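Each protein sequence line maps, in turn, to chains R and G.
Using my numbering, the first residue of the first sequence is number 274, and each one after it goes up by one.
Using my numbering, the first residue of the second sequence is number 846, and each one after it goes up by one.
Rather than coming from a laboratory, the hints here were simulated on the basis of the structure.
None of these values were measured; they are calculated from a predicted model.
None of the hints are false.
Here are the computed distance ranges between Cβ atoms for each label pair:
{"no.": "1", "chain 1": "G", "residue 1": "942", "chain 2": "R", "residue 2": "316", "range": "30 to 36 Å"}
{"no.": "2", "chain 1": "R", "residue 1": "433", "chain 2": "G", "residue 2": "1127", "range": "29 to 35 Å"}
{"no.": "3", "chain 1": "G", "residue 1": "1165", "chain 2": "R", "residue 2": "338", "range": "25 to 31 Å"}
These stretches of chain G come out as covered by chain R in the derived footprint (C-beta under 8 Å, 3 or more residues):
{"no.": "4", "segment": "1155-1162"}
{"no.": "5", "segment": "1166-1177"}
{"no.": "6", "segment": "1185-1195"}
Built from N, CA and C at the ideal position, the CB exists for glycine as well.
The residues making up each chain are set out below.
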Amino acid sequence: MSDQTPKSTIRQLLESGPTDPVLMEKLTLLEELRAAHMKGDQKTMLEIGKKLAANEKAFETAKKQRRTAIAKSVADAKAVADPDARAEALLSAFAFCVRETCAAERGGQGKDTYNFGIRQLRTVGDELRALGHFAALAQFLDSPDIDVRGFAAVWLRNIMPDRVLPILKEVNKIESFGSPVGTQVFTAIFELENTQRKEPDAKN
Amino acid sequence: MPDRADTAARKKFVLWSKSDKDTREGTVLDIDTGVLRRGHVLVLRSPQAELTLGLGAASAALMEFAQKGETRDNSLFEACDKADQAIARGDFETARKFGVPDVISTIENPALRRLALVECFLAKASPDDPLHPGYPAGAPDGRGGQYMPKDKSADTVQELRRLKALREFRAAAQAAMVVLVAAPLEVIPGVDVAVDVETALRLGRIAIELGNDEKEISEAMDFVKNGPYSLDELRVSQDNVSFPSFDDFKKISDDDGDAIVRRYPITGSGNDYHHIVEQGGDNSNNFTPEQLQSTKNIIPLPGPIHDLVSAHYSSEYDASGKTVRDWLSGQSFDQQYQYGMETLHKLGIVK
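The shape of chain G in the complex, shown without the other chains (with noise of 0.2 Å):
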């Protein structure tokens, strides 16, 4: 079916492409290839037309979307779709949240806008994108937009044979298998392509979050190899410094440069913060926020580190039917801050 766009969007469209030939062979987008593959749709351009031609469900899928907004519930279009809304009514902002590059929004040509969004979603689950590898924007983990580690093979950690610490890991590691097979990957199908775009997405994001796994596991076990550190060492600040909320401490320990604290500032980028008397549950109604929120209660942890202190504490413990957390949850502030203490010890992690 022809599609018409005007010269400045093509341009722009041409532009985005970050392809300095007139030729592009994308994801699901081809633009002037010549060649018409399945479950691709291809722009022709001509100085006087574009045709835009599929072949496939999948590409008549795109095309549906592209020329109707069909999003026929998948949310890889859906998340399109709202990208394509926000740009409409001209939220750029919102737009610029999902991750599209500004050239996107320019593009006035509707379809062929859509078919862009398509692109440059998938395209950012694409470990070959130079500019924007990592998560498609919009991704329902919330990890939309977070750039896909460049892959640092292991043989940094041949030397890191200590038995102790790999059967710790070994829970940690395992604990991200799971979640990593947790996509509901039975659902691939033989005959519909238009679903198999978003398995494929779908799969991309698994490979990547293989990809990260492996960074955190590494840079924890390099972590613990490096241990065990002070209390002091861990803290973001050797002040007792407390805050009214979680978001509070960290938007100060986020804002770089600020006096207060140091972010991470033994485990480097990329941790999670953690909380020695836990924040959630009994324990938000029980102790204050200046007790929980605070640079003696919460330290930066590696990611695998804090899943691993997690998992324990998600544990049934006994018969008293009540995981460890839960079972914490009714002793006294001194006694919780003593068991995490005691944990980060048995872990190896503080003196």
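So here's chain R without its partners, still in its complex pose (with noise of 0.2 Å):
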């Protein structure tokens, strides 16, 4: 007979894949919280609560750090003088913020953090076109990182459907619903095949 508590769904559910070590320190600590209230020992959960409040902050600082880190490879490469270099570090930088938006989603870092992402995409996505190189996104279409690859067909679905839809319908089979890469793909398999095709001139 073993003594070992059973796990709880969310620790299961959490620890299924890759997670942020500081937020799984948060569950340990709501778990000894909540053992602690069990008990009605107050001294406890405040002496927890202390430790939540810092975990909170390394959280956070956390996600500030991931923000800046993605806000700098984007900004750096727009300083690039060179318009052909230029082009080079923003396409890094797509990449680059690609990863990061995702394992901060996969984190838990919270949909404000994705969405900063996705702005910034949107800023390279900019950049690429006045600079006459948005179709180089598609290097990333062959890319072997599902998200890096899922995000250039999105990105790229406007100027060339046709090349991108069976890439989208493969990561869609593959990314489960509300994934980082998941969402977007969905949304741009609904868009291309319901909404562009009844408007051909609305291309990029």
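Relying on the hints, combine the two individually framed chains into one complex.
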């Protein structure tokens, strides 16, 4: 007979994929808080509360650092003087932003961080378009990284729909609902199949 | 400081304490225990008088609230004060809405009544209250008065190790966690024990929240495990019935025994209503209530799944600068309905 406490559903869920260690520490503290609450042990609850506060600060710091890194990658790329070199730097920034944005979402850093990453990707796209290098995102359509591949396909859907639609569908089959890239791909497929074909002139 | 209360009120207060003994050790209020605990108010009773004693800043704050009604901008005391004022003006219905049992309303001594209210509000956040476990009344998140679920450990989900489902629910679980820690816990003082009382209350709510999430997510996983469902199985009525407003829909669906709808036909209790075509934003202007508030458009979903769908709709989409929700609002009703159905299909809820 084991006296080991069964894992909570939430813990099982969180442990079923990559998870930020700070988030897991938070869960552990919450579980300890719950146990103390069940015992009516307010002293322990307050002690755990202080640890939770510290954990929350660490979590917020990590989110801020990630956003800073995302924004810096884009700002640095935009600052490159030579147009061709800038385009290269922007393409690198695109892949970096995709990976960091998806990692933020998977690590539980919230929809706000995810949306921040999407906005940075929009900036990269605008810059590439201004340089006449937007179509260069197609180099990512063969990327082994499904996130990068999927995002590139979404970004390119209006200028090369026939090429990207099979890629979008392939990603959609693999990615579950609500995953960072799955959200984009799911909506892009719907848009291509239900909207864009009715408006053939609405390309970029 | 001595504090007199008439015998009848004292008896009623003891009755409220739900103790068949003469002494009671409470969350912040102890009666005749003979031990003065830091952060607690001790009421010592004799046939002639009642003596109220406190030790520490928390008890000083409690006694100040009890005797003078000073709330110190403390949300707990403010909630208690609102309930107390309702009782004082004879508005017992409002007091009940705060979750205050009638017996407290009958305590005539204002100081003792305020102490009872604080104890009541705190006890309602305690899992060891056999009658009213759960959130404190007047909780700002609107959950006041809701009952805390009994802790059901997670052993029933051991079989639910379907990777797909687990992966999908991670997002919901994580979103729930973010919500859990959103409380301003950094304001945890070491010396101001009066605030500690509120902090303990808040921490208690978070602990309860974790238990609620645990239960909800387990139920949601069961729901997914038993799916997918046909839309007819999910609908509250097979007839296409429209309503002037969502409140009207809820009013009728909440009326048990009503023949028009089956409340939560598949998903059991404790669920959210989901609009397949969302009711807010531009949709509220572009579509009629009859379109939006109908048995065709509204289905019940377990809370975590509803959260998952809402999180998807709140994601910014592509370079548009719009969320999926905003992007969708530019589509026709039929297209939005189709998108909503495809979402539920992708989620494994609808066949």
